[in-house]
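Those sequence lines, one after another, are chains A and B. Here the working numbering is used: position 95 in the first sequence is 95, and no number is missing along the way. Here the working numbering is used: position 98 in the second sequence is 1098, and no number is missing along the way.
Worth flagging that the hints you see were computed from the coordinates, not collected in a lab. Built from N, CA and C at the ideal position, the CB exists for glycine as well. Among the hints, a few may not be true.
Claimed, not checked - Which chain B residues face chain A? A few, computed with CB under 7 Å, are given here:
| # | residue |
| --- | --- |
| 1 | ALA1074 |
| 2 | ALA1095 |
| 3 | ILE1098 |
| 4 | PHE1102 |
Claimed, not checked - Straight line, CA to CA, 20 Å or less: simulated EDC-like cross-link-like pairs of lysine to aspartate or glutamate:
| # | chain 1 | residue 1 | chain 2 | residue 2 |
| --- | --- | --- | --- | --- |
| 5 | A | LYS136 | A | ASP181 |
| 6 | B | LYS1125 | A | ASP66 |
| 7 | B | LYS1136 | B | GLU1182 |
| 8 | A | LYS125 | B | ASP1137 |
| 9 | B | LYS1125 | A | ASP152 |
| 10 | B | LYS1194 | B | GLU1182 |
| 11 | B | LYS1194 | B | ASP1159 |
| 12 | A | LYS136 | B | ASP1157 |
| 13 | B | LYS1194 | B | ASP1157 |
| 14 | B | LYS1125 | A | ASP124 |
| 15 | B | LYS1125 | A | GLU182 |
| 16 | A | LYS125 | B | GLU1117 |
| 17 | A | LYS46 | B | GLU1145 |
| 18 | B | LYS1194 | B | GLU1129 |
| 19 | A | LYS125 | B | GLU1122 |
| 20 | A | LYS194 | A | GLU182 |
| 21 | A | LYS125 | B | ASP1124 |
| 22 | A | LYS136 | B | GLU1117 |
| 23 | B | LYS1046 | A | ASP181 |
| 24 | B | LYS1136 | B | GLU1117 |
| 25 | A | LYS136 | A | GLU117 |
| 26 | B | LYS1136 | B | ASP1124 |
| 27 | B | LYS1125 | B | GLU1145 |
| 28 | B | LYS1136 | A | ASP157 |
| 29 | A | LYS46 | B | ASP1137 |
| 30 | A | LYS125 | B | GLU1129 |
| 31 | B | LYS1136 | A | ASP124 |
| 32 | A | LYS125 | A | GLU145 |
| 33 | A | LYS136 | A | GLU122 |
| 34 | B | LYS1194 | B | ASP1154 |
| 35 | A | LYS194 | A | ASP157 |
| 36 | A | LYS136 | A | ASP154 |
| 37 | B | LYS1136 | A | GLU122 |
| 38 | A | LYS136 | A | GLU182 |
| 39 | A | LYS194 | A | ASP137 |
| 40 | B | LYS1046 | A | GLU145 |
There are 2 protein chains.
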Amino acid sequence: MSPTITAFANSPDRGRGLARDMRVRWALEEVGQPYNVRLVSFAELKQSDHVARQPFGQIPTYQDGDLTLFESGAIVLHIAQLHPGLLPTDANARARAISWMFAALATVEPPVLELQEAQFAEGDKPWTEQRLPLVKDRIRVRLAELARCLGDADWLDGDFSAGDLMMVHVLLRLAPSGLLDEFPGLAAYCARAKARPAYQRAFAAQLAVFTDSQAI
Amino acid sequence: MSPTITAFANSPDRGRGLARDMRVRWALEEVGQPYNVRLVSFAELKQSDHVARQPFGQIPTYQDGDLTLFESGAIVLHIAQLHPGLLPTDANARARAISWMFAALATVEPPVLELQEAQFAEGDKPWTEQRLPLVKDRIRVRLAELARCLGDADWLDGDFSAGDLMMVHVLLRLAPSGLLDEFPGLAAYCARAKARPAYQRAFAAQLAVFTDSQAI
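For reference, chain A alone in the conformation it holds in the complex (with noise of 0.2 Å):
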């Protein structure tokens, strides 16, 4: 039996890839490993089956036989683990890959985040156009930082890994505002990424669920 994968049945980011469920997808293409996939909507998030499942009710989880994962990060380091393809076999590379992700999701992406909060939850109040200039400087740092270190490598230690394939997730979350063309090797870091085959196929695929919502 092929693992499932929960993904959002409307996607609010309207099929454009940037949705959690995407990283596990593009893993597990990378691997070369099918999937199954269960469309959950808004409401059913909050409810107790997806709840026991993901605690937080949020997309994705992985469910495999008797195991399963919630947080993208989790699920892309275990496909990482079981199938080569995303991480180095020497064991120091491999560790070097993994401290990626981690930094791709702990250092990189909470002012992504706080970006978003800005615009969407926060977007209504009188204080934001002034504030948005602050959190956008906030992760211009990080993504300078980000580009000092990439420098004119491919990816960011060696072969393609998933350390590279959870910074270029995030890094893509940002492609709305702008920030990512004022980085032009961060930018075609992730040109580069998205030119995968693996990735293209990740994309249809949940670019799909969203065609075929807006079908019926």
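Since the structure of chain A is provided, determine the placement of chain B on it from the hints.
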């Protein structure tokens, strides 16, 4: 040779154990591994020697022979994979404990960091007083979900794991705000963790750095 970690020479938390080196110290104490500490000043954090170890100019880092790691999550996971004591031996339980590490860093910590930014980076802004309740409410959502999931259990999933270590340390960063006290189950969870001898040894070690810095 024991591994060497980096920590603040002058921690902004004044020895309260809230900086991220505490997570690594605690993990090393849980598995009974000695370690060395290199103290880094604020100026040194952004200098090339340290940036070569830590692209974002943060602490902690971890060096063990040829291996250099950064990100507290990656370092704690590495320690937990090398030594028994922080992850279950059963493969599924192990993957679930790692899910909790990611949940701590990618789902619970981002709104906690947002509160810190609001209080420190934006403490002098005209909107901060009005905005703080919104930020705190976003944290309360996560704390309520976490408290419901923990229920009456001692730890998040079976025995104490690296997932609990990460989650507790993220929660402890909320102690100064009073938010943790609104969730007695979570406050008790943190108290149980703080009573562990390994926590206490780690706490004493980081406090000694602060005390020594004051004595100069």
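Here is what the structure says about each hint:
1. ALA1074: This hint holds: ALA1074 (chain B) lies near chain A, its Cβ roughly 4 Å from the closest one there, short of 7 Å.
2. ALA1095: It holds, given that the least Cβ distance between ALA1095 (chain B) and chain A is near 5 Å, below 7 Å.
3. ILE1098: Holds - the Cβ of ILE1098 (chain B) comes within 7 Å of chain A, reaching about 5 Å at its closest.
4. PHE1102: holds (4 Å)
5. A:LYS136 - A:ASP181: holds (13 Å)
6. B:LYS1125 - A:ASP66: With a Cα-Cα distance of about 50 Å, the restraint between LYS1125 (chain B) and ASP66 (chain A) is violated, given a limit of 20 Å.
7. B:LYS1136 - B:GLU1182: Roughly 12 Å separates the two Cα atoms, so the pair holds.
8. A:LYS125 - B:ASP1137: Answer holds: LYS125 (chain A) to ASP1137 (chain B) is near 16 Å, not above 20 Å.
9. B:LYS1125 - A:ASP152: violated (39 Å)
10. B:LYS1194 - B:GLU1182: Status holds; Cα separation ~18 Å.
11. B:LYS1194 - B:ASP1159: At roughly 15 Å apart (the allowed maximum being 20 Å), ASP1159 (chain B) and LYS1194 (chain B) satisfy the hint.
12. A:LYS136 - B:ASP1157: violated (37 Å)
13. B:LYS1194 - B:ASP1157: With Cα atoms ~18 Å apart, LYS1194 (chain B) and ASP1157 (chain B) stay inside 20 Å; holds.
14. B:LYS1125 - A:ASP124: Roughly 18 Å between the alpha carbons, so the hint for LYS1125 (chain B) and ASP124 (chain A) holds.
15. B:LYS1125 - A:GLU182: Status violated; Cα separation ~27 Å.
16. A:LYS125 - B:GLU1117: holds (18 Å)
17. A:LYS46 - B:GLU1145: It holds: about 10 Å lies between the C-alpha atoms, which stays within 20 Å.
18. B:LYS1194 - B:GLU1129: The given pair, whose Cα atoms are some 32 Å apart, is violated under the 20 Å limit.
19. A:LYS125 - B:GLU1122: holds (16 Å)
20. A:LYS194 - A:GLU182: With Cα atoms ~18 Å apart, LYS194 (chain A) and GLU182 (chain A) stay inside 20 Å; holds.
21. A:LYS125 - B:ASP1124: Holds - the C-alpha atoms of ASP1124 (chain B) and LYS125 (chain A) are around 18 Å apart, at most 20 Å.
22. A:LYS136 - B:GLU1117: Holds - the C-alpha atoms of GLU1117 (chain B) and LYS136 (chain A) are around 13 Å apart, at most 20 Å.
23. B:LYS1046 - A:ASP181: violated (25 Å)
24. B:LYS1136 - B:GLU1117: holds (12 Å)
25. A:LYS136 - A:GLU117: OK: LYS136 (chain A) and GLU117 (chain A) at ~12 Å, within 20 Å.
26. B:LYS1136 - B:ASP1124: The hint holds at about 18 Å.
27. B:LYS1125 - B:GLU1145: violated (31 Å)
28. B:LYS1136 - A:ASP157: violated (37 Å)
29. A:LYS46 - B:ASP1137: With Cα atoms ~17 Å apart, LYS46 (chain A) and ASP1137 (chain B) stay inside 20 Å; holds.
30. A:LYS125 - B:GLU1129: OK: LYS125 (chain A) and GLU1129 (chain B) at ~13 Å, within 20 Å.
31. B:LYS1136 - A:ASP124: Measuring from Cα to Cα gives roughly 18 Å; hence the hint holds.
32. A:LYS125 - A:GLU145: It is violated: about 31 Å lies between the C-alpha atoms, which goes past 20 Å.
33. A:LYS136 - A:GLU122: holds (15 Å)
34. B:LYS1194 - B:ASP1154: Judged against 20 Å, a Cα distance of about 13 Å means the pair holds.
35. A:LYS194 - A:ASP157: Given pair LYS194 (chain A), ASP157 (chain A) holds - Cα atoms ~18 Å apart, limit 20 Å.
36. A:LYS136 - A:ASP154: violated (26 Å)
37. B:LYS1136 - A:GLU122: Roughly 13 Å separates the two Cα atoms, so the pair holds.
38. A:LYS136 - A:GLU182: Roughly 12 Å between the alpha carbons, so the hint for LYS136 (chain A) and GLU182 (chain A) holds.
39. A:LYS194 - A:ASP137: violated (26 Å)
40. B:LYS1046 - A:GLU145: Within the cut-off at roughly 10 Å; holds.
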